[in-house]
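Can you join these two chains into the complex? Each is in its own frame, and there are hints to help.
Residue-level listing of the chains:
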Amino acid sequence: MAKLWAIIKREYLERVRSKWFLIATFFGPLFFSAIIIVPAWLASRSKATTDIYKTTILDATGNGFGRRLAINIAGDSTDTARMPAVMVVPPSELTRAESTATRTVMEKKKTGKTGYIVVNQQTIAGEAARYAGRNATSIADMAQLKSAIRQTILAQRLEKVGLDDAQTKAITFIPLEFSTERITERGRAGSGMASVLFGFAIGFLLYMSIVIYGQTIMSGVLEEKTTRVAEVVMSSVPTDTLLAGKVIGVGAVGLTQQIIWIGTTYVLLKLREPIMAKFGAPTVSFSLPDISLAAGVLFLLFFLLGFIFYSSLYAAVGSSVNSESEARQAATPLLVMIVSTGVFIQPVLLNPTGRTAQVLSLVPISSPIIMPIRMAVTGVPPLELAASLGFLAIGCVAALWLASRIYRVGLLMYGKRPTMKEMARWISYSR
Amino acid sequence: MTEYAIDIVNVTKRYAEHTAVRDLTLRVPTGSVYGLLGPNGAGKTTTIRMILNIIAPDSGAIHIFGRPSNDPKITERLGYLPEERGLYRKMQVRRVLKFLAELKGVRGSEAEKRIDEWLVRLSLKTPEKDWGLAKIDELSRGMQQKVQFIGTLLHDPDLVILDEPFSGLDPINAQALKDTVVELKKRGKTVIFSTHLMDNAERLCDSVCIIARGEKVLDGTVTDVKEEHGQRNIALALEGDGMLGVASILQDRSLVKRADDSNRFFEIELVPGADPQTLLRRIIDSGASVQRFEMIQPSLHQIFLQKVGAQGIEEGMTGHG
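Chains X and B, in that order, give the protein sequences.
Each residue of the first sequence is one higher than the one before, counting from 1 in my numbering.
Each residue of the second sequence is one higher than the one before, counting from 1001 in my numbering.
Chain B extracted, bound-state conformation (with noise of 0.2 Å):
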């Protein structure tokens, strides 16, 4: 049982106007990296809720470490960042954090010693300035993302639920963020974050699963969903003109199935049968330069695009993510 960090069969959870979660299993493997992807309103933080026993499901389990998800000293366990973040704005940065440490069964003068060294790893505390000290409302964005990523691990948590961490991250946080999720794996913690941008998830995940309309598409390791779904892409950038020729190329239906057109790169799935060589030789015939032509597998945007569609995506319901 414990070889899960999450265990959850056949959860459904219902609300008076839809479904938000239906007869959904999946398992996260302890220190693996988890990614829960899908579109808005998929049912991804209605899933979150349910994990971090914050709404019950309907019918079905949930089992966190092997034990009840509403077992009080599970939670003491569980670190979560929302996906809007916000703190107590008139509140001193240091009161908040210890705050949240207790909630979480940290004893005062531990939560004041890891404040310490969170504030002055982040660099919220230099021998010039301690913003420990300040008010939250008299930080940047930034810096409040800081703490309120700090309030989510003083507590050293075993299973990390990270909802949409990226968003409205600068790339100096992003790279924060990446370093530290890989430093709690090494450590052997379990991290689950929700997103929907596809390309972190691809690079930072172990497993994936994907949602939407509150059932799950698949799941799985990366390595194993990008095999299952093993038509071999191609990637293929151009240089220069020409376009114009392997646009209608990509057109025909006899031969490509599908292209994601990025301008300068396409990524293309061929139909099956077909021969990659025919295409490479139709391309050059057209006249185009070619800078890449390369096998690939799928990439996970792809896979979502594929299994989840357009309709999934534009199906956003505001409220129960």
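Just chain X, same shape as in the assembly (with noise of 0.2 Å):
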């Protein structure tokens, strides 16, 4: 026992002192916060921006539709700041007057202006409006000026029919937000664009952990069996306790990266007002999803499971080959199982409940990825939850009986890599 955790101490203390380790567990949260924050960035810009007021509005419609744009474009503010320019130009002069707001436009940094409206009779009889300037690209602006040009027409021809300005405005002022909430069998959860997130970012988590830690794994025991280190530490210990050091010891460095990396990023999240108002951008409100801890300690599970599944493997892959070429090449075939798993994570997404995505979590190749997506995004029954966890076990004895037995021989044997046939003898030796 004292020498297990000798193994155990030395990997994980090796490790954690590494500048890797700080370095990775220093980014981590800050990735993770910029793959939830930019998105919610990038949502407040479906928000228009005050370029909107910046415009000019040509009016060539001669009956003050202009003005009423431009208060619209304002939301009714009676700030100036926010109100656009009107010029009313004669149909004869638009062409002129084009030219000249193009060259403002153009030099906007003197002028601070950056685009102009066209409206005209066409525009009156709901036809058409043009738009020209330096955000035309932007979605969100580009739809803030058409409906309020919509807005504008629908308000006079009420007007036409009779109605007041009071009424007018009750009837179109219709200051409506979308929010969208997901509905799982324990109840509301959250936005459904924070669950797609958190779950991407749950898969995204546990596949790089998986591949890094698995291949942390296999060119350490690559290291010791060419250094020779190896046959020093198994004339002290067996090899089923220096392979189980190594797991458990890479294992736990895993979990310390990983709860540095789910602490901070909560922090920082929780933070995120603050933060984002010193990048300029306006907060956007998004309710957490609601991670209950018997939630919390499920990932953690299948985080080990996974890893303890591929670890093993990639330890077997790491003990069989000579040097760290010939390790790329033989862990390919567990690369080609995780990437594959990988790219099931969008499709599970879309669709947590199909077939594929209950297929996939309940395989040991797949299932500790699938599955905490699958919590993520949607309930799962226990049922399956619990096939899945029984089936990932069973998967890890196997991998771990497979590993240990390829693992003691493959060590001592150096010179030619094996090829299948020979390891599948090794499995065979005694000892």
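Incorrect hints may appear among the rest.
What the simulated footprint calls covered on chain X by chain B, stretch by stretch (three residues with Cβ under 8 Å from a Cβ of chain B suffice, anywhere in the stretch; the number is not a length) [to be verified]:
id, stretch
1, 222–229
2, 232–245
Listed below are the simulated BS3-like cross-link pairs for lysine-lysine, each with C-alpha atoms no more than 25 Å apart in a straight line [as the list claims (entries may be wrong)]:
id, chain 1, residue 1, chain 2, residue 2
3, X, Lys-160, X, Lys-146
4, B, Lys-1073, B, Lys-1113
5, X, Lys-19, B, Lys-1135
6, X, Lys-108, X, Lys-146
7, B, Lys-1113, B, Lys-1090
8, B, Lys-1113, B, Lys-1135
9, X, Lys-9, B, Lys-1135
10, B, Lys-1073, X, Lys-9
11, B, Lys-1113, X, Lys-9
12, X, Lys-9, X, Lys-19
13, B, Lys-1090, X, Lys-19
14, B, Lys-1125, B, Lys-1135
15, B, Lys-1090, X, Lys-9
16, B, Lys-1226, B, Lys-1178
17, B, Lys-1113, B, Lys-1186
Calculated from the structure, these hints are not laboratory results.
Beta carbons are placed, not taken as given, at the ideal position from N, Cα and C, and that holds for glycine.
Have a look at this one:
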């Protein structure tokens, strides 16, 4: 037991002390906050910017449409800073006025104008309006302008049928905010967007950890083999202890990193309002998905089992080869197994209760990544959850058994890389 | 039972392609320096690994200090220096040593104390520089070998197994190793080393075992082995020219059975019954100037060549030494 502890301690401390670990641990939360905050920030961009106030309205309608539109764009505000400029031009002068306006926009730095709107008889008829400006690609700005124009047309029409100003305002004023929320068996659980993002973050985190820590174990085993440290260690402890110590030690490093990541990401998200204000982004309110303690424990359980499954196989690969380049080749099947699981992350996010998602969350190869994603975005029946954990546990035992047999023979075999047939024979060796 | 540090009885280890060790029986007396000699691929490393319980024999029994080799308590009394050496490259020297000590059941504080003693003793820790705080890959090759050597002896093992300890050692480290082996023996420890360098074996070992192709060729104390192969050999050294005439005499198979030519020094084995005086007379008659003509016991090197032959040496198999 003391020896197992010595191995775990070495694996853990040597890795936690490394620069790589410090860098990854530090940048992880920044990265995860970014993937959560950036979409939220982008979503905030779906609100129009102040650029729409800096337009000039070229009014060729002759009936004061431009003036009404300006008020509409300003959001019925009396703030003159928000009121676009209106230039009433006769239709014959429109071409010249447009080229002047174009020049003003070209010299935006001096004039502060981002664009101009052309409204004419066609606009009043509800057929066409034109905009030219620097922010013509901003979907939100254009949508805002478009709806302001529509609203102005509607208001004018209502007036024509005899409604007064106040009535028109009352009818056309629709400040609609559309928010989305997800419903699971346990009830409402945060906004739909947030839970998909959360599911993606979980999937990505598990996926990356398994690949990174699997390969860490592989190169660790390879180093011990090529430097012959393995022989010295094997003369002191049984190979199973060595393998167990490695898997536990590196697993603990992974767990430490994840706990730091999740903890700091959580804190960063809590503090997102002051942080985003620093970046000049308007704050977006979205509720964090409601994760129960039981779900948190299950996530960690899936991480640990998935880690054991893959890292023991990676250890077996590391023990059977003699160099980094051979190891990369030999690890290809494992990488294919993980990457093909990664490919399914998106389809599962889109359809978390479908047949594909169900099957993938039962197979030990993919379940440690797919099942937590499903849990994040939908309610999973307890029976499925139990079956998934059960199969994964069986998969772990099988992988460990297989790995320990390859490991103890492979560590002592130098020279040629073994064929699959030879490795199969190793499994049958007594010791 | 316990008078033997190692007691191997009828041990066989088979691999798919070949038998690495076949029906091997050997006994290493406690407190002796024992040489396991053989060409590459003879089964030395496999034997050592079985002694260390890294691999298990297919049949036969191995006892260490009277207890089965798979007794977990036994491993703490063994120290092992593998043939090709290496340590965790990115790890600090002290931490590597402490790790190796802990694997052998030495407690942390005790390990720290011993590490200090050893580092000072092998001049890795001087008032100017403490290499114990450096990382392994900052050390020169020679220093790394010293660290590895410390790692082998840190837990004060009763049985030290050194696999080809002299390969790659510079003369100063080789001397330090020899001194240490002698000192270990004085303290009643048992030292086994495997080597194919017969000179070292002859000087250091009390007993030897020669194995080839997985089988024991001979074993016993160095004195007994030499006496058993008791035809007395002749050491001949010549001065100046006149080699040509001597060469033809040494070709005479009615007189000389075998001659090992080292240019100016010859080790000669006579045909049974041949008179050394006849040989001396013929050499002098040939006009050669004799610097040395001495009746000697055959060297281990000679016995080895005679017993194993060139064939056994060439039949090197990589993988399971």
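We went through each hint and held it up to the structure:
1. 222–229: holds (count 6)
2. 232–245: holds (count 6)
3. X:Lys-160 <-> X:Lys-146: Measuring from Cα to Cα gives roughly 21 Å; hence the hint holds.
4. B:Lys-1073 <-> B:Lys-1113: 23 Å, holds
5. X:Lys-19 <-> B:Lys-1135: Measuring from Cα to Cα gives roughly 14 Å; hence the hint holds.
6. X:Lys-108 <-> X:Lys-146: Between X:Lys-108 and X:Lys-146 the Cα gap is close to 22 Å, so the pair holds against 25 Å.
7. B:Lys-1113 <-> B:Lys-1090: Judged against 25 Å, a Cα distance of about 23 Å means the pair holds.
8. B:Lys-1113 <-> B:Lys-1135: 19 Å, holds
9. X:Lys-9 <-> B:Lys-1135: Holds. X:Lys-9 to B:Lys-1135 sits at ~18 Å (cutoff 25 Å).
10. B:Lys-1073 <-> X:Lys-9: Between B:Lys-1073 and X:Lys-9 the Cα gap is close to 22 Å, so the pair holds against 25 Å.
11. B:Lys-1113 <-> X:Lys-9: 20 Å, holds
12. X:Lys-9 <-> X:Lys-19: 18 Å, holds
13. B:Lys-1090 <-> X:Lys-19: Within the cut-off at roughly 12 Å; holds.
14. B:Lys-1125 <-> B:Lys-1135: Judged against 25 Å, a Cα distance of about 14 Å means the pair holds.
15. B:Lys-1090 <-> X:Lys-9: With Cα atoms ~16 Å apart, B:Lys-1090 and X:Lys-9 stay inside 25 Å; holds.
16. B:Lys-1226 <-> B:Lys-1178: The hint holds at about 22 Å.
17. B:Lys-1113 <-> B:Lys-1186: 23 Å, holds
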